[in-house]
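> Taken in sequence, the protein lines are chains A and B.
According to the working numbering, the stretch in the first sequence is residues 29 to 140, in order.
According to the working numbering, the stretch in the second sequence is residues 29 to 140, in order.
Please note that the accuracy of each hint is not assured.
The list treats identical chains as interchangeable, and a pair is accepted whether it falls inside one copy or across any two copies.
With a straight-line Cα cutoff of 27 Å, these simulated DSSO-like cross-link-like pairs (lysine-lysine) come out [unchecked claim]:
no., residue 1, residue 2
1, Lys94, Lys49
2, Lys114, Lys94
3, Lys60, Lys114
Because the hints were derived from the structure by calculation, they are not lab data.
Protein chains: 2
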Amino acid sequence: MRLDFVNMEAERIPHMRGGEKEVALKSYSDGKNKIMLGRLIPGATIGLHTHETNSETVYILSGTGKMLCDGVYEDLAPGVCTYCPKGHQHSLMNDNPEGSEDLVFFAVVPEQ
Amino acid sequence: MRLDFVNMEAERIPHMRGGEKEVALKSYSDGKNKIMLGRLIPGATIGLHTHETNSETVYILSGTGKMLCDGVYEDLAPGVCTYCPKGHQHSLMNDNPEGSEDLVFFAVVPEQ
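Full structure from sequences and hints, please.
Here it is, written out as structure tokens:
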């Protein structure tokens, strides 16, 4: 099944998972996998949350930022991937000053 | 968990799943998720295979090609994603002439 994220409409989600500012999110879900293309402007975050029934794999397409994963800050840059296994917790952040590049990522959340 | 695909060593897999030529593959697996960064030169393919116990989500980073998914050819280009649910089959191909761009993709294969 082909999903064209280039031409898909983005939804604006304010304070996603209790985070700062908003996330522009393109997503598809069939109940088994949630597949996402997300964009965080500088200062935007996805709040800390635990993956109770699924895992999440995030691949950084452009920009920089940090993932707080089980209490550890991981530096993110294009070509870096961050994996949150089922039962673990994380928070994604574009911790750059205003005027910096957006953090753009691709993510897959499979029910497991 | 941070996975740095930029600096990870690629493994060369000839005739992957019975396909043509070879795939340069960077991969991580914990038994629950296989996470991959793959590169197909022009003429290289990953042969047709069925996802019996898992699904696969493939995101195209650069280059063009086709996914044959359940008998349907899907055009692939940067920013396009192709999803193969559990129980379905697919084959990935860089069907461009020699000298064309490599097809580079990011993929997640979760056990489900």
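> Each of the hints needs a verdict: does it hold here or not?
Verification of the hints:
no.	hint	in the structure
1	Lys94 to Lys49	within (16 Å within a copy, 38 Å between copies)
2	Lys114 to Lys94	within (20 Å within a copy, 32 Å between copies)
3	Lys60 to Lys114	both (14 Å within a copy, 9 Å between copies)
In terms of the numbered hints stated before, the structure departs from none.
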